[in-house]
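Student: The lines below spell out each chain.
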Amino acid sequence: MSETKETREKELGEKAVIKVSEMDPRFKYEIRKIPGAEKIMLCFQCGTCTADCPIARFSDSYRPRKLMRMTQLGLKDRILSSDVIWLCAACFTCVDHCPQDVGIASIIRALRNLAVDEGFIPRVYKELGSCVLKTGYAYRIPELRHRKREEQGLPPLPKANVESIAKLSDVTGFSKLFEEKKVA
Amino acid sequence: MAELKYMLFLGCVIPYRISSYEISARKVAEKLGIELVEMPEFNCCGLPLDPVSHDMMLTLAARNLCLAEQQKLNIMTLCTGCAGTMRKVNMTLKEDKKLKEKVNGYLKETGLEFKGTIKVRHLIQMLAEDVGLERIKATVQKPLNPLKVAEHNGCHVLRPTKYIGFDDPENPTILKNLIELTGAKCLDYMDETECCGAPIIGVNDVIPLQLAREKLNHIMAVGAQALVTVCPFCHMMYDLHQSRIERAFNEKFGIPVLHYTQLLGLAMGFSPDELGFKELRVNATKLLDQLGS
Ligand code: SF4
Ligand code: SF4
Chain V
1 MSETKETREK ELGEKAVIKV SEMDPRFKYE IRKIPGAEKI MLCFQCGTCT
51 ADCPIARFSD SYRPRKLMRM TQLGLKDRIL SSDVIWLCAA CFTCVDHCPQ
101 DVGIASIIRA LRNLAVDEGF IPRVYKELGS CVLKTGYAYR IPELRHRKRE
151 EQGLPPLPKA NVESIAKLSD VTGFSKLFEE KKVA
Chain Y
1 MAELKYMLFL GCVIPYRISS YEISARKVAE KLGIELVEMP EFNCCGLPLD
51 PVSHDMMLTL AARNLCLAEQ QKLNIMTLCT GCAGTMRKVN MTLKEDKKLK
101 EKVNGYLKET GLEFKGTIKV RHLIQMLAED VGLERIKATV QKPLNPLKVA
151 EHNGCHVLRP TKYIGFDDPE NPTILKNLIE LTGAKCLDYM DETECCGAPI
201 IGVNDVIPLQ LAREKLNHIM AVGAQALVTV CPFCHMMYDL HQSRIERAFN
251 EKFGIPVLHY TQLLGLAMGF SPDELGFKEL RVNATKLLDQ LGS
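Chains as they are written, first to last, in my numbering: chain V, 1 to 184; chain Y, 1 to 293.
Warning: the hint list may mix true and false statements.
Mimicking DSSO-like on lysine-lysine, the simulated pairs with C-alpha atoms at most 30 Å apart in a straight line are [unchecked claim]:
#, chain 1, residue 1, chain 2, residue 2
1, Y, K31, V, K159
2, Y, K102, V, K176
3, V, K159, Y, K252
4, Y, K115, V, K167
5, V, K28, Y, K31
6, V, K159, Y, K5
7, V, K39, Y, K100
8, V, K33, Y, K5
9, V, K39, Y, K119
Computed footprint of chain Y on chain V, listed as stretches where at least three residues anywhere in the stretch have a Cβ under 8 Å from a Cβ of chain Y [said to hold, decoys possible]:
#, region
10, 20–33
11, 45–52
FYI, nobody ran anything at the bench for these hints, they're computed from the structure. Just so it is clear, the structure is predicted and the values come from calculations on it, not from any experiment. Beta carbons: idealized from backbone N, C-alpha and C, even for Gly.
Chain V on its own, in the form it takes in the complex (with noise of 0.2 Å):
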């Protein structure tokens, strides 16, 4: 799978032992700390999750409720450098079907943000992040596009402010965790 070459080798790790060594058991503390992923210790691992996940059904890795009890136990390393959390396409129908509200979409998304600060960044999300930093959209939009625009009897696309965009990067830290992240 992808071009993220680094943890490419280092999936969830199907290794049978768990050392207590591996596991933090702040980690669980850290992460529900975060606005969204509160909910983390309600999981009580009944499997709806996966069982409903569409990308679960055609990966051999991605298991949200395996993702939800590893976060529990703390296997914090492990987690973050997986490829494995960059799956969920966010489709959120567990978050529907959870039968304690877990919120498992924003939980993955916590863990992900969590990746990124330790410099485990797909190269799409990198190259998405320097568009709008760029741009203030996600894709660069070519020339030809804008005056196919007018061919079409569109409107002009608005001019975007990409002063205001690089001022709520930086005040957000978001254009700090872009600079000195290296691609995983």
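Following the hints, position chain Y with the ligands against chain V.
Tutor: Same frame as chain V, now just chain Y with the ligands:
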């Protein structure tokens, strides 16, 4: 009836490569007497960056909301992703004072403040709730009678229920009703509400293609002549990538993927050219010939 005037939020995918949606949406909006005001200096809705930085997502979405608040207009967007995101952020910031303060702290740097005075609508929500089915039906001049299609809502117009609360996410009927008022029949098929898979393209391309292939197979099985979408991202998955799916699995689909606004536009009597049919990757000529359009 309330005045039908909205601030149009285009988002990034439509201007990037799905102009047929914008062209047809503007046409049908005009016909329905809906006034669309361009949003000045808008930016990405924030959704693509949520996995990188939740704070940046919130701030980008909130900035767009502020721009609409300044002009005292509700937002209407054609993309389910943009609609879902801005809707969720709008609700969250209205409810969570602490988070609102935090985001407003960021926005202050650019002279903006989120107040929470407007609403966010997706196209089909605007059509069903604000315009109303009767009024839309009255504009149909050329019923698309023999046509049989299938619908794909797109996740973010249905889920999470907690924030969207629009249609029944397990058995959505609103888009079906909107389709059937054009005279076309909307068929049921297996796993209708399943995700198109597009959000993980770039991280993993195999799974989205498998998901999209499955959907195309399911709609073929019930005899649908076209798939109708209401999101540029989902549309891309089924139209732009359809030939790629055919090659990858050595199967033939040839199923035209229409934006709902193209379908409605045909029924209103617009020509295929006026509705951007030429921009579609999967040729719809056969279907148009059958309709005599
Ligand atoms: S559905 Fe909810 S409670 Fe059940 S395993 Fe998934 S997260 Fe845990
Ligand atoms: S939101 Fe993510 S984890 Fe949940 S069902 Fe959808 S793809 Fe699977």
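Student: Are the hints correct? Go through all of them and say.
Tutor: We went through each hint and held it up to the structure:
Proximity of Y/K31 to V/K159 is assessed by CA-CA distance (about 28 Å); at most 30 Å being required, the pair is judged to hold. Pair hint Y/K102 plus V/K176 holds up; C-alpha atoms about 19 Å apart against a cutoff of 30 Å. Distance hint between V/K159 and Y/K252 is unfulfilled; the C-alpha atoms sit about 41 Å from each other, more than 30 Å. At roughly 20 Å between alpha-carbon atoms, Y/K115 and V/K167 fall within 30 Å of each other, so this suggested pair holds.
Taking the CA atoms of V/K28 and Y/K31, the gap is about 54 Å. The hint is violated against a cut of 30 Å. Between the alpha carbons of V/K159 and Y/K5 the distance comes to roughly 22 Å, so the proposed pair stays at or under 30 Å and holds. Using a Cα cut-off of 30 Å, the hinted pair V/K39 and Y/K100 holds, with the two alpha carbons roughly 21 Å apart. A hinted pair counts as satisfied when its Cα atoms are at most 30 Å apart, and V/K33 with Y/K5 does not qualify at roughly 40 Å.
With a C-alpha separation of about 28 Å, the suggested pair V/K39 and Y/K119 falls inside the 30 Å cut-off, and the hint holds. Counting residues of the region 20–33 of chain V whose CB falls under 8 Å from any CB of chain Y gives 0; the rule of at least 3 is not met. Using a Cβ-Cβ cut-off of 8 Å, 0 residues of the region 45–52 of chain V lie near chain Y, which falls short of the minimum of three, so the contact claim is violated.
Hints 3, 5, 8, 10 and 11 from the list above are not met by this structure, while the remaining hints are.
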